[in-house]
Amino acid sequence: MSKFVNCVVCEGKVEVSDELLEGEIITCPDCGSELEVISLDPLTVAEAPEVQEDWGE
Amino acid sequence: MSKFVNCVVCEGKVEVSDELLEGEIITCPDCGSELEVISLDPLTVAEAPEVQEDWGE
Amino acid sequence: MTFKAAIWGASGMAGGEVLRILARHPDIKVECAVSKNKNRQFIWQTHPHLRDEFGTLTFCDHDEAFLKEVDIAFLAVPHGTAVSVIEKYLEKGTKVVDLSADVRLYSAKDYEKWYGSPHPNPDLLISAVYGLPELHGKEIKESNLVSGVGCNAACCILGLFPLAREGLIEEIRIEVRVGSSEAGATPTLGSHHPYRSRTLRVYEPFRHRHLAEILQELSLEEDAVTMTMTAVEIVRGAQMLAHIRLSEKVREGEIWRLYKNAYRDKPFLQLCPAKPAHLRLPEPKMVTGSNQAMTGFTLHEDGRRMLVVTAIDNLMKGAAGTAVQASNLMLGLNETEGLTMMPVYPV
Amino acid sequence: MTFKAAIWGASGMAGGEVLRILARHPDIKVECAVSKNKNRQFIWQTHPHLRDEFGTLTFCDHDEAFLKEVDIAFLAVPHGTAVSVIEKYLEKGTKVVDLSADVRLYSAKDYEKWYGSPHPNPDLLISAVYGLPELHGKEIKESNLVSGVGCNAACCILGLFPLAREGLIEEIRIEVRVGSSEAGATPTLGSHHPYRSRTLRVYEPFRHRHLAEILQELSLEEDAVTMTMTAVEIVRGAQMLAHIRLSEKVREGEIWRLYKNAYRDKPFLQLCPAKPAHLRLPEPKMVTGSNQAMTGFTLHEDGRRMLVVTAIDNLMKGAAGTAVQASNLMLGLNETEGLTMMPVYPV
Amino acid sequence: MTFKAAIWGASGMAGGEVLRILARHPDIKVECAVSKNKNRQFIWQTHPHLRDEFGTLTFCDHDEAFLKEVDIAFLAVPHGTAVSVIEKYLEKGTKVVDLSADVRLYSAKDYEKWYGSPHPNPDLLISAVYGLPELHGKEIKESNLVSGVGCNAACCILGLFPLAREGLIEEIRIEVRVGSSEAGATPTLGSHHPYRSRTLRVYEPFRHRHLAEILQELSLEEDAVTMTMTAVEIVRGAQMLAHIRLSEKVREGEIWRLYKNAYRDKPFLQLCPAKPAHLRLPEPKMVTGSNQAMTGFTLHEDGRRMLVVTAIDNLMKGAAGTAVQASNLMLGLNETEGLTMMPVYPV
Amino acid sequence: MTFKAAIWGASGMAGGEVLRILARHPDIKVECAVSKNKNRQFIWQTHPHLRDEFGTLTFCDHDEAFLKEVDIAFLAVPHGTAVSVIEKYLEKGTKVVDLSADVRLYSAKDYEKWYGSPHPNPDLLISAVYGLPELHGKEIKESNLVSGVGCNAACCILGLFPLAREGLIEEIRIEVRVGSSEAGATPTLGSHHPYRSRTLRVYEPFRHRHLAEILQELSLEEDAVTMTMTAVEIVRGAQMLAHIRLSEKVREGEIWRLYKNAYRDKPFLQLCPAKPAHLRLPEPKMVTGSNQAMTGFTLHEDGRRMLVVTAIDNLMKGAAGTAVQASNLMLGLNETEGLTMMPVYPV
Ligand SMILES: NC(=O)c1ccc[n+]([C@@H]2O[C@H](COP(=O)([O-])OP(=O)(O)OC[C@H]3O[C@@H](n4cnc5c(N)ncnc54)[C@H](OP(=O)(O)O)[C@@H]3O)[C@@H](O)[C@H]2O)c1
Ligand SMILES: NC(=O)c1ccc[n+]([C@@H]2O[C@H](COP(=O)([O-])OP(=O)(O)OC[C@H]3O[C@@H](n4cnc5c(N)ncnc54)[C@H](OP(=O)(O)O)[C@@H]3O)[C@@H](O)[C@H]2O)c1
Ligand SMILES: NC(=O)c1ccc[n+]([C@@H]2O[C@H](COP(=O)([O-])OP(=O)(O)OC[C@H]3O[C@@H](n4cnc5c(N)ncnc54)[C@H](OP(=O)(O)O)[C@@H]3O)[C@@H](O)[C@H]2O)c1
Ligand SMILES: NC(=O)c1ccc[n+]([C@@H]2O[C@H](COP(=O)([O-])OP(=O)(O)OC[C@H]3O[C@@H](n4cnc5c(N)ncnc54)[C@H](OP(=O)(O)O)[C@@H]3O)[C@@H](O)[C@H]2O)c1
Ligand SMILES: [Zn+2]
Ligand SMILES: [Zn+2]
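Residue numbers (UniProt numbering), protein chains in the order written: chain A, 1 to 57; chain B, 1 to 57; chain C, 1 to 347; chain D, 1 to 347; chain E, 1 to 347; chain F, 1 to 347.
Calculated directly from the structure, the hints in this document are not laboratory data. Because the structure is a prediction, the values reported are computed rather than measured. Just so it is clear, CB atoms sit at the ideal spot from N, CA and C, and this is done for glycine as well. A portion of the hints provided could be inaccurate.
What the hints assert, rightly or not - Capping the alpha-carbon separation at 27 Å, the derived lysine-lysine pairs in BS3-like fashion look like this: (1) C:K68 / B:K3; (2) D:K249 / F:K113; (3) E:K29 / F:K266; (4) C:K260 / A:K3; (5) F:K29 / E:K266; (6) C:K275 / D:K36; (7) B:K13 / D:K266; (8) C:K275 / D:K38; (9) E:K249 / C:K113; (10) C:K275 / E:K113; (11) D:K275 / B:K13; (12) D:K260 / B:K13; (13) A:K13 / D:K38; (14) D:K29 / C:K266; (15) A:K13 / C:K260; (16) B:K3 / D:K260; (17) E:K249 / E:K275; (18) B:K13 / D:K249.
Said to hold, decoys possible - Across the chosen pairs, the derived CB separations fall in these ranges: (19) F:R251 / E:K88: 47 to 53 Å; (20) F:R251 / D:P122: 35 to 41 Å; (21) A:S39 / D:P78: 40 to 46 Å; (22) F:M1 / E:E221: 55 to 61 Å.
Construct the entire structure; sequences and hints are all you get.
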């Protein structure tokens with residue numbers, strides 16, 4: 001059985017594994033935002049600061 | 001029934017219609033050369049001078 | 001079952017692209033390729049990438065074209081020249097997709113305003129459907145006469161309809177950047193390589209004819225919109241940047257929901273991610289050669305300003321791709337038939 | 001039946017192209033896409049044109065990759081790093097197509113000469129087949145280990161084998177022009193846009209590693225050949241100009257016959273016309289995005305000098321396309337499966 | 001009299017351009033070219049176009065640089081690294097033109113806001129003059145420390161100051177298109193040719209650091225301005241499109257008068273004609289290699305909407321050209337000395 | 001003293017470049033700019049980069065042109081149309097530099113062979129000097145009629161004369177790559193951006209008219225030479241790759257000595273270094289906008305095969321630059337007057 005959490009950016013449903021840990025970073029497959037698990041019960045995520053590849057601009 | 005003539009450039013077989021006329025220009029589908037019918041019997045063709053589109057070089 | 005197609009303007013840029021698509025279409029076969037100037041020449045003499053397609057098929061002229069029995073006719077001819085061809089085909093009961101601008105507008109008054117002369121057959125405007133399957137799929141299925149789309153118009157409409165139909169657009173400034181294939185296959189001073197190369201030529205400061213289609217399809221007021229065109233160093237591609245003032249403050253999540261809902265079940269519409277930032281806003285490069293329209297957006301922190309960016313390949317989603325998509329529906333085929341080619345990236 | 005594939009180097013240029021092809025392949029499915037650096041990231045985060053393909057598939061690392069059961073593994077990794085991966089897959093009984101240069105040469109001596117160090121596992125060289133289906137189709141069908149091709153090598157071999165196997169090449173000077181995608185996905189000074197843009201950088205005056213493959217496949221003597229490389233302003237594409245001194249005087253018609261016979265039943269080999277003159281000699285532009293190799297030639301009036309020009313898309317016929325073509329044969333599929341996409345022209 | 005100059009960052013993009021200009025400057029001579037990484041290498045090993053200039057001059061490192069007596073130092077170094085160099089030169093009584101962003105803003109608070117950390121020496125901000133001679137010629141003449149300009153900022157300021165100083169700008173949406181040389185000489189993923197080529201990458205949707213300079217120099221409120229950046233397929237060049245809502249209705253003639261007056265006696269500012277239409281709005285192509293800034297405009301028929309377009313060569317007017325122009329004034333020379341080279345058109 | 005010049009073909013590509021140069025020439029002033037089609041239009045209406053040059057000067061037609069007293073006339077007109085203009089000017093005692101091909105060859109027989117019709121005034125061929133100052137400086141000084149140079153010819157001759165005059169060239173295969181400005185200012189299908197863009201069009205497999213000049217100036221036998229042309233994605237530039245079989249084995253040092261001696265005191269000829277390898281062989285990018293010709297070479301380890309590469313800007317050293325250089329000599333000025341502009345790199 002899979003759990004879901006709502007992405008805080010695009011409000012889409014993100015499937016998460018059962019073994020999720022606090023502090024883990026997951027990526028929203030819809031909008032690509034990185035979400036940090038800040039609590040497990042209730043399952044809550046917050047946007048993680050973006051670590052960008054160097055695209056040089 | 002269709003007739004054939006050999007292209008004088010690429011030596012490929014070119015299908016020609018029955019109503020072919022002397023002086024008619026046909027194009028070889030293999031190599032694109034323009035062939036002028038210089039005699040009908042025997043069916044003989046020669047390379048026609050190329051009239052080029054203006055590609056500007 | 002295989003349907004037979006005639007392509008008018010087959011020696012041109014958009015007509016050549018219809019040929020390119022149909023060369024691999026499982027259910028539509030090219031029966032005749034029409035060109036007055038290239039009459040009797042092999043198709044590959046004009047289109048070198050079609051060297052091994054269509055065997056010894058040659059272009060035919062107008063009269064010969066009308067003698068061929070076909071199920072559908074694609075007209076990729078200059079605007080103003082399609083109407084008489086449409087009339088003849090409709091009479092014969094042949095379905096028509098007209099890529100020109102001749103039947104894109106519903107209102108004869110609008111046509112006259114934007115194209116500078118009265119429409120020769122306003123009845124056609126009433127019976128024709130605007131050929132954007134994403135908006136008019138149902139009507140297209142039941143129509144015998146479907147217009148193509150302006151490439152810039154298609155790009156803008158696909159990127160903006162989710163917002164427009166919610167009434168969220170208060171004011172909008174549209175930038176469109178276009179490649180050189182948009183102007184067709186005939187050389188001009190503006191397309192001469194030394195001048196066209198690496199250009200950033202701004203050629204319409206406030207409006208462009210395609211605006212007529214945009215206003216019509218998005219139900220916007222002309223005064224709320226400006227549209228600026230720039231010719232850029234690409235061959236294929238159109239990109240819209242729409243700077244929008246929203247009519248009310250919205251949350252980013254709401255916009256996402258709007259777009260996801262609007263694009264769901266639209267096989268050719270793609271939504272860009274919010275992250276990584278360099279992929280958030282699409283460019284034509286990402287869709288070259290495909291029938292996809294890719295849209296990304298970003299909301300200003302004030303919740304009222306918004307930037308929407310959409311990218312298409314003007315010859316595909318902006319012309320031939322959408323035309324074949326419409327023809328699929330008209331012929332009872334699956335919308336995506338023959339149109340699932342991947343973008344060529346990077347190119 | 002659907003086969004499962006692993007792609008190594010899936011974050012790279014050639015690996016990305018394998019993904020692009022397999023996204024539409026009817027019989028091969030991507031089971032795992034391997035990348036150490038992009039491990040756990042979605043594929044579209046690296047390849048924006050694959051946004052709606054492969055669902056939520058993420059890159060996996062090396063260890064995880066070996067746990068997946070696959071029918072075939074594509075290795076698009078730097079040369080020198082493939083051998084150990086090949087060994088593991090062969091042990092498991094998995095077929096391998098290795099796009100790197102690790103098993104392209106049959107002779108360990110040649111490998112050492114051209115790559116500067118002894119080959120770590122010369123037995124592989126013996127068992128591997130050079131992966132150009134146009135020359136080795138039969139062996140490829142029966143092999144578990146097939147090499148990819150050097151993109152420049154493939155371009156040259158396909159353009160020259162009809163002459164070479166008749167022993168007609170006495171001396172040959174090869175010019176190859178290449179696009180920037182040939183050097184892979186990692187930025188360098190040479191690929192930095194301000195310097196790479198509009199370049200005509202001649203970077204190998206007399207030879208290039210790919211010459212090893214050319215000599216091997218065409219049975220030519222090194223001394224009879226020079227090969228000069230130029231980086232040009234394209235992203236995709238390789239073009240060979242071969243200036244040949246023929247070993248005997250020939251008529252143009254004989255050359256035509258040679259090429260027609262050699263290319264017959266080779267679905268991806270195309271021969272250019274002799275006329276019109278501007279289409280006689282091909283350019284990469286004409287095959288972009290496709291798996292085609294297009295060849296044209298012209299014979300000097302002295303009957304001894306000849307120019308052969310061949311154009312390919314380096315990522316397709318020069319890398320991923322040929323690799324998938326080989327894999328089709330290895331898996332018992334039709335050679336052309338998944339590879340019939342049209343060129344995107346003009347672009 | 002000949003003045004001696006030191007160029008820091010001489011191995012970089014902007015520093016290389018200072019070298020290129022000074023190679024022909026009648027009154028300023030390059031005394032030292034500073035680079036840590038290229039220390040002891042000949043200048044032409046980095047800059048191939050300078051092969052026959054500067055004889056056997058080699059790059060020198062930082063310590064050696066400070067030992068040379070020079071009249072003026074050009075700092076073309078990354079922002080954040082200039083301050084300590086400035087301090088040393090000012091101490092020695094050497095005049096400085098700092099092309100980096102370190103002393104462009106007058107307010108330390110603004111600096112912190114836009115650059116993310118407190119300024120290490122706010123006093124410098126007070127003493128420095130913003131180095132745009134068209135606006136601050138008099139102060140520059142009397143200053144020992146002059147900043148360079150942000151290239152996008154220079155483009156915008158020069159195109160807009162005639163309107164801004166009349167208070168005519170109510171709201172403004174700025175589009176800037178930039179070439180690849182703007183990001184300097186170091187390769188990144190974004191500058192990697194396969195990705196950078198033919199790009200239309202929108203990378204800052206609403207603001208860009210250079211906006212700080214624009215607001216400062218044009219006395220505009222941040223909320224009235226947005227600025228969107230797009231990387232385009234050129235190496236040199238920046239182009240501004242400014243979509244303006246004027247604070248009052250004006251006649252076209254008034255705008256012409258404003259611009260003519262403002263540009264009079266500004267040797268590098270050019271005004272485009274109103275006709276022919278395709279030359280009304282400038283593109284970088286028209287000024288490549290020169291120190292010119294070219295501006296065109298068009299007024300909407302409502303008299304309130306206006307489009308202003310300005311084009312510069314980012315390495316010249318946007319960096320090295322303007323820096324040398326400022327140095328001319330600081331050294332008591334004619335403003336145009338060494339800067340009258342013609343644009344290279346078409347290129 | 002200031003000399004007055006007439007420029008014929010001033011609306012064209014080469015004529016525009018003469019204007020660009022003379023706009024900054026210290027001693028030659030444009031007295032009249034001739035164009036039938038642009039008669040009475042301002043010069044900047046055709047040449048946007050000349051917006052602030054030449055004040056209100058307008059193009060004049062042929063008759064008006066002959067009424068102006070000038071010291072020198074530059075003819076940048078299509079080949080075949082120059083002779084009658086030359087005749088009139090010579091009659092009036094006006095010096096002429098004819099950029100067209102009308103008086104480049106010394107032999108009327110050669111002219112007929114390469115240009116397909118008898119020369120209308122063979123006496124001119126005898127009196128005219130081939131206008132390459134590096135080879136014929138002395139004769140040019142004393143002549144009233146000097147030809148311009150074929151741009152490809154100039155590129156080849158400058159790169160090869162040091163070898164040729166030593167009799168070292170046994171056989172040679174020349175590749176020339178050219179930009180789009182070479183074909184002039186008139187649009188054609190081949191210059192149409194969608195087709196010309198990113199092209200690698202090989203359009204002359206074995207010879208090109210400019211070969212006539214090369215054979216003449218280098219005293220080579222036609223049979224020992226082939227020349228292949230490729231149109232590439234640049235606007236300005238010509239690059240020669242000459243694959244040479246030397247008539248005897250030589251040491252690299254000897255070649256260096258030959259080139260250094262030959263290029264000494266030739267202000268526009270530059271020799272590339274042997275190292276670093278990526279700068280050894282020049283590209284047009286390195287000389288864009290300048291009057292420089294840059295040559296590099298590399299010798300095969302067999303001591304008999306050699307590659308020479310030369311790059312120029314076709315509009316400068318290949319046309320207008322060399323023409324002005326010749327005119328400087330004809331007028332008793334310093335050869336480099338008005339021609340010392342730096343290349344614009346990178347661009
Ligand atoms: N290019 C695009 O991106 C694009 C996008 C969307 C829509 N469109 C629309 O598609 C149409 C064609 O555009 P294009 O860019 O392909 O132009 P194009 O390359 O100039 O081609 C026009 C074609 O029409 C034919 N033609 C010209 N006059 C004709 C006439 N009186 N009757 C019948 N055929 C005639 C020409 O061939 P012959 O002279 O040999 O007959 C030519 O093949 C236009 O209406 C355009 O608005 C183009
Ligand atoms: N580009 C072409 O036109 C072309 C044509 C023919 C053949 N090829 C061959 O294809 C191969 C890949 O070329 P490319 O151009 O795609 O290069 P690329 O873009 O640099 O990609 C190389 C890939 O290999 C992975 N990789 C690096 N080191 C590795 C290692 N030790 N073990 C496993 N994977 C490793 C990299 O990803 P991670 O670091 O994330 O794992 C990356 O995805 C080369 O052997 C090349 O010769 C390329
Ligand atoms: N490119 C433009 O269009 C442009 C326009 C306007 C202003 N600018 C400004 O000009 C400056 C240089 O830009 P660019 O584009 O030329 O960048 P660049 O090509 O990266 O060059 C930077 C130069 O700075 C040197 N450098 C790096 N770190 C240094 C340090 N800590 N101390 C001293 N020197 C250091 C580097 O050489 P070594 O590492 O060998 O010393 C290199 O030569 C930047 O501040 C930029 O904002 C650039
Ligand atoms: N482009 C190059 O790289 C290059 C290099 C070396 C030499 N050249 C030579 O320079 C000459 C001009 O070449 P281009 O590339 O500048 O060509 P272009 O751009 O086509 O210009 C030709 C000019 O000649 C004028 N013209 C045409 N017919 C004429 C006639 N019968 N009498 C007088 N003027 C006439 C035209 O203007 P109007 O019709 O308005 O009078 C036009 O200004 C050619 O002979 C060419 O071989 C060119
Ligand atoms: Zn999300
Ligand atoms: Zn034939």
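Report the numbers of all earlier hints that the structure fails to satisfy, in ascending order. none
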